[in-house]
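Student: What follows is each chain in one-letter form.
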Amino acid sequence: MDAFAEEFLNWEVMVRYFPDIVSGLWVTMYLALMVIVTGLILGLLLAVIRAFQIRPINLLIITFVDIFRSLPPLVIIILFYFSIPMFGLHWSGFICSWIALSLVLASFVEEIYWAGITSVHRGQWEAARSTGLNFFETLINVVLPQVIRMTIPPLTNRTIVIAKNTALASVVAVEEMLTVAQTSLAYAANSSPLTLAALGYLLMFLPLVILSRFIETRFAWKR
Amino acid sequence: MSNSALLEVINLRKSFGVLEVLKGVNFAISPQELVFIIGPSGSGKSTMLRCCNFLEEPTGGSVLFKGQEISKPGVDIDTIRQHIGMVFQSFNLYPHMTALQNITLALRKVKKIPTPEAQDRAIHALEQVGLAEKYASHPNQLSGGQQQRVAIARSIAMEPDVMLFDEPTSALDPELVGGVLNVMHKLRNDGMTMIVVSHEMRFAQEAADRVLFVDEGLIVEQNVPSEIFNNPQNQRTREFLSRVSDH
Chain A
32 MDAFAEEFLN WEVMVRYFPD IVSGLWVTMY LALMVIVTGL ILGLLLAVIR
82 AFQIRPINLL IITFVDIFRS LPPLVIIILF YFSIPMFGLH WSGFICSWIA
132 LSLVLASFVE EIYWAGITSV HRGQWEAARS TGLNFFETLI NVVLPQVIRM
182 TIPPLTNRTI VIAKNTALAS VVAVEEMLTV AQTSLAYAAN SSPLTLAALG
232 YLLMFLPLVI LSRFIETRFA WKR
Chain B
2 MSNSALLEVI NLRKSFGVLE VLKGVNFAIS PQELVFIIGP SGSGKSTMLR
52 CCNFLEEPTG GSVLFKGQEI SKPGVDIDTI RQHIGMVFQS FNLYPHMTAL
102 QNITLALRKV KKIPTPEAQD RAIHALEQVG LAEKYASHPN QLSGGQQQRV
152 AIARSIAMEP DVMLFDEPTS ALDPELVGGV LNVMHKLRND GMTMIVVSHE
202 MRFAQEAADR VLFVDEGLIV EQNVPSEIFN NPQNQRTREF LSRVSDH
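These protein sequence lines map, in sequence, to chains A and B. The working numbering puts the first residue of the first sequence at 32, with every later residue one more than the last. The working numbering puts the first residue of the second sequence at 2, with every later residue one more than the last.
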């Protein structure tokens, strides 16, 4: 037990590397936030476009979504990082990770929204259309508000899963929390920075988990 | 007839795949008339009604609203639908909105009425169905009968020229039917033009100007209610009426 405390809960090491871990925390938080916002908006956009049922476009969306849901996010990040320069672009590891994870999140989120859209009762569409609302007005005012309420649980779940994948950005040299923790660990020859990082992740994602629970109950309505 | 008709259906056909549900239906409704459609389930009466505002697109024939063929290319169906109200069997209120918001949505978005005025009109519509005090309730806080009355208010707030009722009381508990029928009676007395698909034969006898009996995708017989119910000419009408009068 003492050995464990010495290796993982070394106070002196923790204090020494605390500022580094905090700077990594900010990067992780920033990356996660960017991925969440981009992924959720892009996913919604794709689902809305898909609702118009234009066959060739839907085929594109489905292909994109299926590929990005099948590939491990780590593979996508590495692939982006090493292939993008071939196209004359100079994206940092941060940008590669941001775009890769956003696309992965968007793919899952699109499927969730889409499932939500198809599960809204046809009568809702008919009632709105019968009063003269057009397709888009019905989608925006009647269908999507119901979809978003309905999909909050799977949406927050998936968002948290993908946001945690920001740790994968450590493989493309992004100075996020896990990278910093690993570097610190090597320098200190002690695992306590990792404990700090774990606490950092808890600090970041536990409120998100609790918030999602709150939103769920706040927006739920009895059927 | 066809000159004064508000809504006219000519040789209307509708197939779902190989199943031909409507096999050439003709009828017209004049302003302030109440036409009642009866028939066995699966006879095509709901489809007939739903073709009137193109919720169901006919496979043949035409639908004329105020003399304008609404299936013609270039006709904006959303504009036409503002003038044709519809009430559904399952109410179809928007669950995330209050009664008031359910009613104001189309007023604001379609008729472009400013929100305060739209709310006034919504309250007025709710008064007409006797539910003004429920304006802030969500559908889940209302009984089935109340939900249907709000749905009727949503429709009448648009001030339509004609209203379509698709089995408005079929999903209701028996003790809630009366409230909805009362509202429909009042509408009728106020001069609303109505097409009603329903099994409420008593209501048909009291309120309808004309009753159409539909079977197997065709209008088999039509007449004033007293004639249809007391002196049906067609064998199928007789059989149907004897079956429904059993209970």
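Hints were generated in silico from the structure; no laboratory data involved. By construction, the Cβ of each residue, glycine as well, lies at the ideal position given by its N, Cα and C atoms. Be aware that a few hints might be false.
As the list claims (entries may be wrong) - Non-contacting residues of chain A with respect to chain B, defined by C-beta distances greater than 12 Å in every case (computed):
| no. | residue |
| --- | --- |
| 1 | I85 |
| 2 | I93 |
| 3 | R153 |
| 4 | A158 |
| 5 | A159 |
| 6 | E168 |
| 7 | V173 |
| 8 | I179 |
| 9 | T187 |
| 10 | L242 |
To be verified - Heads up, incomplete: computed chain A residues facing chain B, CB under 7 Å, no partners named:
| no. | residue |
| --- | --- |
| 11 | E37 |
| 12 | N41 |
| 13 | G154 |
| 14 | P176 |
Student: Which of the stated hints cannot be reconciled with the structure, identified by number in ascending sequence?
Tutor: 3, 4, 5, 6, 7, 8, 11 and 12
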